[in-house]
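**Student:** What follows is each chain in one-letter form.
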Amino acid sequence: MLKPVKILTKMYDVPEGWTMRAYERAGGYQAAKKALGMPQATVIDEMKKGNVRGRGGAGFPAGVKWGFMKPDPQKPAYLVINADEGEPGTFKDRTLMEKDPHRCIEGCIIGSYAIGAHVCYIYVRDELHLSKERLWSAIREAKDRGFLGAHPFGGNYAIEVYVHTGAGAYICGEETALLESLEGKRGEPRLKPPFPAQRGVFGNPTTVNNLETIAAVPTVIEMGGEAFSKLSSLHHLNDGGCRLFGVSGHVKNPGIFEACVGLTLRELIYDLGGGMSRGELLGVIPGGSSCPVLLPSEKVNAPDEKSVLHPWHGQSVLDVPLGVDTMRNLGTMLGTCCAIVFSDETCPVAVMQNLMAFYRHESCGQCTPCREGVGWIDRIVTKLLHGEGSVDELDRIHDIGNGIMGNTICAFGEGSAMPALGLVRKFRRHFEEHATGKPCSAGGRLDA
Amino acid sequence: MAFVLSAEREREMSEIFTRYPTRKAACIPLLHLCQDQEGYVSEEAMSYVAEQLGMAPSQVKGVVTFYTLVNPAPVGKHQVWVCKTLSCALRGAKDIIGHCEKRLGVHVGETTKDGKVTLRTAECLASCGTAPMMQVDKKYYENLTSAEVDRILDRLLEA
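Residue numbers (our numbering), protein chains in the order written: chain A, 1 to 448; chain B, 449 to 607.
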């Protein structure tokens, strides 16, 4: 269901909308003032009612995550914001930092207060220089206005927000690798448990939230959690509110669009994205490269009334509302909600080779199944792309992928293996053509 | 010769220390300061960072070698990073890369003979809706055409 709104993106077209002057004129920081006058437990409750599923890719309910934090005077809590936006195809958090940094800061203020933290770090990938600049400027303006520091809004709950810079490592978008990086080390993920709420940054209780998740917080407080959640047509699945949807690749109008949760891929690609820029749709990766591909020919198979997908039984997967649970039930993921679209003039083997080269480069190297397995799959698909591999090697990708999944320290293993397995399974014919020395009709190109 | 930070950067470093409960957390920000000054992080700079933070030089080297954007060796005056990941590749990144190689007369990973430009490829730079694109030093250039690439590269080579 296509329901565009201008809530999160309200400031995007306002001239100098990133300044305090513009933000306050539009009613900014009223939510933070209101929240800091509420009991912390009530703020958390509103967040739970808002059904904000983590916008970083995992879709974990943010309010529930906040509820995991227990006060401990010996170990002060921290709020850490994940703005490492590195998932291929994803470019939404950047728009918030560049065009509405005050919304992000206001969210950090409310979130810090809710979980009992007095310090918040926004971990921004190094390459997003304008984002960092705008965030720092917003922090300075907020301090000058008395919204940050020792007495925000004249109260006694001190809050400081800092921007922390990355240094070029996709894996630092994984929350525990991010914490390692924040501590000044190599970004190597930790085993969970313990979870960040128990032992996070500097060994202290920590909540890590994606930047878009924290940016939704002022609106949740302003509207009330339930009202925010009910914007969504998937409210009954506890997947609430509005969010940023992205689309890129072979569409006429790539970009970031705001809509209520419940938008479908067909609406994203053809209504918002303007339709195919060339050829016909061959495949769509729904939410960043770590999500298995969906084909337009696939139909929903959910005859059981109790199934989440039952309302769309028999329909095209393109007509299923994009939600955390709906996409998971389709065998893929909502992920970052930024879709990558490719046409029938594209070689699926080249698509996979491009992505496996990415994962091979970005593996932190700690665990053998990922470090060796991803490299192995990359070598095989590179051979296949050049018409050199064999069907045996093609089949071996399944064994290697299954050997990675479930056997790694972090979800990077699944994030690289699942899309690989999805592509070789759903485009079997193209891969077999390459494996038997016959180039596929797209001839190995991505941008023909 | 021992590495020292400029007075202004030393002041920045002192401010950075106030943000964290441990000195070690200032490692990456401090490495960025060193790299801003020299263009890369030398062994001497690594020793300096180690001393400031109470880390072993080998630990600092471990951090330096982990992160793509920290240069352990000198690079050109300008770094040109062309994104090659899927969304950009679907919209012509391969041609942009080839065009840069021809225009600069180097392969990816190499520096022009006059030391002005190092050409590199990058993984997803979060610019997928404005592809193809490249990052030159700290600036993004998006929705690239060959003509635009020529303008950008010519400016870098003339300066």
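If you are wondering where the hints come from, they were derived from the structure by calculation, not from laboratory data. Every value quoted in this text rests on a predicted model; they were computed, and no experiment measured them. Honestly, I wouldn't trust all of these hints.
Not everything, but these chain A residues come out facing chain B in the computed CB check (under 10 angstroms) [what the hints assert, rightly or not]:
id, residue
1, Gly-86
2, Lys-92
3, Tyr-157
4, Ala-158
5, Gly-166
6, Pro-254
7, Thr-346
8, Ala-357
9, His-398
10, Asp-399
11, Ile-400
The list that follows gives simulated cross-link-like pairs (lysine to any residue, SDA-like), each with its CA atoms no further than 25 angstroms apart [claimed, not checked]:
id, chain 1, residue 1, chain 2, residue 2
12, B, Lys-586, A, His-129
13, A, Lys-185, B, Ala-504
14, A, Lys-185, B, Glu-499
15, A, Lys-299, A, His-310
16, B, Lys-509, A, Gly-203
17, A, Lys-70, B, Pro-469
18, B, Lys-525, A, His-129
19, B, Lys-525, B, Glu-499
20, A, Lys-383, B, Val-556
21, B, Lys-472, A, Gly-203
22, B, Lys-525, A, Thr-165
23, A, Lys-383, A, Lys-299
24, A, Lys-185, B, Val-452
25, A, Lys-48, A, Ser-277
26, A, Lys-143, B, Glu-458
27, A, Lys-48, A, Pro-4
28, A, Lys-185, B, Gln-507
29, B, Lys-564, B, Val-554
30, A, Lys-252, B, Val-452
31, B, Lys-472, A, Arg-199
32, A, Lys-252, B, Lys-542
33, B, Lys-586, B, Asp-543
Here chain A is said to cover these stretches of chain B; the calculated rule only asks that three of the stretch's residues, wherever they fall, bring their Cβ under 8 angstroms from a Cβ of chain A [said to hold, decoys possible]:
id, region
34, 473-485
35, 515-521
36, 538-550
37, 573-581
For glycine and all other residues, C-beta sits at the position ideal for the given N, C-alpha and C.
**Student:** Hint by hint, note whether the structure agrees.
**Tutor:** Verification of the hints:
Because the closest C-beta pair between A/Gly-86 and chain B is about 6 angstroms apart, less than 10 angstroms, the hint holds. The beta carbon of A/Lys-92 comes within 9 angstroms of a beta carbon in chain B, closer than 10 angstroms, and the hint placing it at the interface holds. Evaluation of the A/Tyr-157 hint against chain B yields a violated restraint, the C-beta minimum of about 19 angstroms exceeding 10 angstroms. With its C-beta approaching chain B no nearer than about 14 angstroms, A/Ala-158 sits outside the 10 angstroms limit, and its interface hint is violated.
With its C-beta approaching chain B no nearer than about 7 angstroms, A/Gly-166 sits inside the 10 angstroms limit, and its interface hint holds. Using the Cβ-Cβ criterion of 10 angstroms, the hint placing A/Pro-254 at the interface with chain B is satisfied: the shortest such distance is roughly 4 angstroms. Because the beta carbon of A/Thr-346 sits about 7 angstroms from the nearest beta carbon in chain B, less than 10 angstroms, this interface hint is met. The beta carbon of A/Ala-357 comes within 8 angstroms of a beta carbon in chain B, closer than 10 angstroms, and the hint placing it at the interface holds.
Of the supplied interface hints, the one on A/His-398 is violated, with its beta-carbon coming no nearer than about 22 angstroms to a beta-carbon of chain B, more than 10 angstroms. Below 10 angstroms, beta-carbon pairs count as interface contacts, and A/Asp-399 has none with chain B, the closest being about 25 angstroms; its hint is therefore violated. At its closest, the beta carbon of A/Ile-400 sits 21 angstroms from a beta carbon of chain B; the interface hint therefore is violated under the 10 angstroms criterion. Straight-line distance between C-alpha atoms of B/Lys-586 and A/His-129 comes to about 6 angstroms, which keeps the hinted pair within the 25 angstroms bound.
With a CA separation close to 12 angstroms, the supplied pair A/Lys-185 and B/Ala-504 stays within the 25 angstroms bound. A hinted pair counts as satisfied when its Cα atoms are at most 25 angstroms apart, and A/Lys-185 with B/Glu-499 qualifies at roughly 15 angstroms. Under the criterion of a C-alpha separation no larger than 25 angstroms, the hint pairing A/Lys-299 with A/His-310 is consistent with the structure, at around 12 angstroms. For the given pair, B/Lys-509 sits about 23 angstroms from A/Gly-203 by alpha-carbon distance, which is consistent with the 25 angstroms threshold.
A distance of roughly 20 angstroms separates the Cα atoms of A/Lys-70 and B/Pro-469; the hinted pair therefore holds under the 25 angstroms criterion. With a CA separation close to 18 angstroms, the supplied pair B/Lys-525 and A/His-129 stays within the 25 angstroms bound. Proposed proximity of B/Lys-525 and B/Glu-499 is contradicted: the alpha carbons are some 28 angstroms apart, above 25 angstroms. A hinted pair counts as satisfied when its Cα atoms are at most 25 angstroms apart, and A/Lys-383 with B/Val-556 qualifies at roughly 21 angstroms.
A distance of roughly 14 angstroms separates the Cα atoms of B/Lys-472 and A/Gly-203; the hinted pair therefore holds under the 25 angstroms criterion. Restraint check: the Cα-Cα separation between B/Lys-525 and A/Thr-165 comes to about 22 angstroms, which is no more than 25 angstroms; the hinted pair holds. With a CA separation close to 32 angstroms, the supplied pair A/Lys-383 and A/Lys-299 exceeds the 25 angstroms bound. For the hint pairing A/Lys-185 with B/Val-452, the CA-to-CA distance comes to about 22 angstroms; that is within 25 angstroms, so the pair holds.
The hinted pair formed by A/Lys-48 and A/Ser-277 fails the criterion: a straight-line CA distance of about 40 angstroms is larger than 25 angstroms. Under the criterion of a C-alpha separation no larger than 25 angstroms, the hint pairing A/Lys-143 with B/Glu-458 is consistent with the structure, at around 24 angstroms. For a cut-off of 25 angstroms, the pair hint linking A/Lys-48 to A/Pro-4 stands: about 23 angstroms separates their Cα positions. The straight-line distance between the Cα atoms of A/Lys-185 and B/Gln-507 is roughly 8 angstroms, inside the 25 angstroms bound, and the hint therefore holds.
Of the pairs offered as hints, the one joining B/Lys-564 and B/Val-554 holds, with about 12 angstroms between alpha carbons and a cut-off of 25 angstroms not exceeded. At most 25 angstroms may separate the alpha-carbon atoms for a hinted pair to count; A/Lys-252 and B/Val-452 exceed this at roughly 52 angstroms. In summary, the hint linking B/Lys-472 to A/Arg-199 is supported, as the alpha carbons are separated by about 18 angstroms, within the 25 angstroms threshold. The suggested pairing of A/Lys-252 with B/Lys-542 holds, with an alpha-carbon distance near 20 angstroms, which does not exceed 25 angstroms.
Proximity of B/Lys-586 to B/Asp-543 is assessed by CA-CA distance (about 23 angstroms); at most 25 angstroms being required, the pair is judged to hold. Three residues within the 8 angstroms Cβ limit are the bar, and the region 473-485 of chain B against chain A gives 7, so the coverage statement holds. Taking a C-beta to C-beta cut-off of 8 angstroms, the region 515-521 of chain B contributes 4 residues in contact with chain A, enough for the three needed, and the coverage statement holds. With 6 residues carrying a beta carbon less than 8 angstroms from a beta carbon of chain A, the region 538-550 of chain B meets the three-residue requirement, and the given coverage holds.
For a cut-off of 8 angstroms, the count of residues in the region 573-581 of chain B with a CB near a CB of chain A stands at 7, and the three-residue condition holds.
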